[in-house]
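**Q** For reference, the chains in residue letters:
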Amino acid sequence: MTLRATLPILIILAVLAAIPLLATSNSVLNFIVFVLIITLAAQGWNVLGGVGGQSSFGHAAFFGTGAYVSAILQSRFGINAWAAMAIAMGVGAIVGWVIGFLSFRAGLRGSYFALVTLAFAEVLRILANAAGFTGGAAGLLLKLNVGFANMQFSSRGAFLWLALSLVALTLFLSQWIASSRFGAQLVAVRENEEAARALGVDVLAVKLRAITVSAAITAAAGCLYLQYFLYIDANIAYGLWISVEALLAPMVGGKGLVLGPIIGAFTLHGLGEAAKTFAASVPGIDLAIYGIILVVVVAFAPEGVLGVLKKTQLWRKRKAHAATKLSEEAA
Amino acid sequence: MLSVEDITMRFGGLVAVGGASLTVPKGAIVGLIGPNGAGKTTLFGVIAGFLKPTSGRVSFEGCDITALPAHVRAQEGIARTFQIVQPFAGLNVRENIAVGAFLRHRNSADAHALADAVGHRVGLGADLDKPASSLTVAGRKRLELARALATEPKILLLDEVLAGLNPSEIRDIVPVIRSIRDEGVTILMIEHVMQAVMNLCEQVYVLAQGRMIAQGTPQDVCEDPHVVEAYLGRGAAERLRTVGANHA
Ligand SMILES: Nc1ncnc2c1ncn2[C@@H]1O[C@H](COP(=O)(O)OP(=O)(O)O)[C@@H](O)[C@H]1O
Ligand SMILES: [Mg+2]
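Those protein sequences? They're chains A and B, same order as listed. Just so we're aligned, residue 1 is where the first sequence starts under the working numbering, counting upward by one. Just so we're aligned, residue 1 is where the second sequence starts under the working numbering, counting upward by one.
You may find that some hints are simply not true.
Claimed, not checked - Calculated cross-link-like contacts (lysine-lysine; reagent style DSS-like; alpha-carbon spacing at most 27 Å):
1. B:Lys130 - B:Lys26
2. B:Lys26 - B:Lys52
3. A:Lys310 - B:Lys130
4. B:Lys52 - B:Lys154
5. B:Lys130 - A:Lys319
6. A:Lys311 - B:Lys130
7. A:Lys317 - B:Lys130
Source of the hints: derived by calculation from the structure; they are not laboratory data. Here the structure is a predicted model, which means the values were calculated and not measured.
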């Protein structure tokens, strides 16, 4: 982990960590916490979809499993919120492994894989909506009971720091993956499976490891959502919205890049909020903005915001280089 | 070290390889030649585990490996290159080679050091930081060789790594291939550049229309009338002989 790669991460984390010290507005803190939860879900997606190139359209399956398992353990079995979260991440990881095993072993890739993950998430949503122990259509409510053991805080700032810590851990995990053997093999699988196999990469094992890690992270985001809002139902936990959020943020920020999800989530929701403020009379303006951003990214900046930044940086460097050369020649 | 016994590979009705056998002794450079469409690349696919043969056996160091998947064969020490190059297009040259190096080096500093060394060795030293997609045809062929070499194989299967290179590039790479062998890596190479085959190979197999029609030293094989006919068409050997006789 070089300083050059770590510095931007540290700066972003420091800025976000300082917010509760400066801003006391509930709506600002609510906004940041919500975007951090989205960021965490998207960071999970990025491991599998961005680094590994296996784009899922059903990360709700993991988000929802995290939220439901934690909620059920706490409300029905009285288990400590932190332990519940650990177990929920484990169950999310298992669900990820099973979905991965079924679809990757069948050789599903590209849009087929995306559709199958969507189908799994939808099946889970329908089951959660129908079953009794998930609270059915009424959903599950966590009792408001502020206390560290319950992972409930009277101050929104404290919760922001909790969410930020998880985002930070995941950033460093992603950075470690990027420089590790696992990361190199995962990228190789994304770029060319045949060539990866020829170099001794066990493609199925690498994909399974990726979806397991990915699912565990997104399950953690589901747990955070539950702890913050204290209520979930099938359409929230297993809803299409979170599958879309989890994939949109990395795509906008920069797929497969460590900082892609966080940059993308804040860009998307920042613009969405701005649109809501300035064009409050137009209902659904933020959704329209998302749509436009998505089209622009797919058409003009397939490597996202970070890709554009990198390109302009290179371009500037080249221009500066050319300028010094010219002046040298003139001298 | 490697032995291929009576391999048949059908694609639907097409028999791409029909009952072909060959053996590669440890430490040798063996050539596999034959006209286009003869089934050479298909046979490589069978040896490396990318294709499941219709019938026949592949053994490596005395063990039957016919049922092993490709990545396990790579771990066992069989590395192949692709005739149609398959670079990891989104990665730079060093990262491409490092994927191979990671096979036997868990630590990324070690893998990258090995990747650099292998890159320099095959003549990609100046291109290590360039995107693989920016390489020329010759560069991509070198990259295929480098990645396979970085897995530190026992046997290297080279599928036309000299095709598309100009004579001076071939002169550069031939000694590299020989030096790889001199370090103890056994080599089986498919090659059309006869000058290189003559230069490098001790033993040559000739495949035509899926059948092994000849084997021997490069000189013997070139003089074999079956081989001449396979390349130039039926009756060619006879015609050549009469032309030769008329000239005499
Ligand atoms: N995957 C495949 N499916 C169907 N036919 C194939 C396939 N691969 C190769 N072939 C056919 O098998 C024959 C041998 O091809 P190949 O092994 O590439 O020959 P060579 O490498 O000797 O030029 C050709 O007729 C080719 O069209
Ligand atoms: Mg071929």
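**Q** Each hint needs a verdict: does it hold in this structure or not?
**A** For each hint, the structure was consulted:
{"no.": "1", "hint": "B:Lys130 - B:Lys26", "result": "36 Å, violated"}
{"no.": "2", "hint": "B:Lys26 - B:Lys52", "result": "25 Å, holds"}
{"no.": "3", "hint": "A:Lys310 - B:Lys130", "result": "16 Å, holds"}
{"no.": "4", "hint": "B:Lys52 - B:Lys154", "result": "22 Å, holds"}
{"no.": "5", "hint": "B:Lys130 - A:Lys319", "result": "19 Å, holds"}
{"no.": "6", "hint": "A:Lys311 - B:Lys130", "result": "15 Å, holds"}
{"no.": "7", "hint": "A:Lys317 - B:Lys130", "result": "17 Å, holds"}
In the structure shown, a violation is registered for the earlier hint numbered 1 alone.
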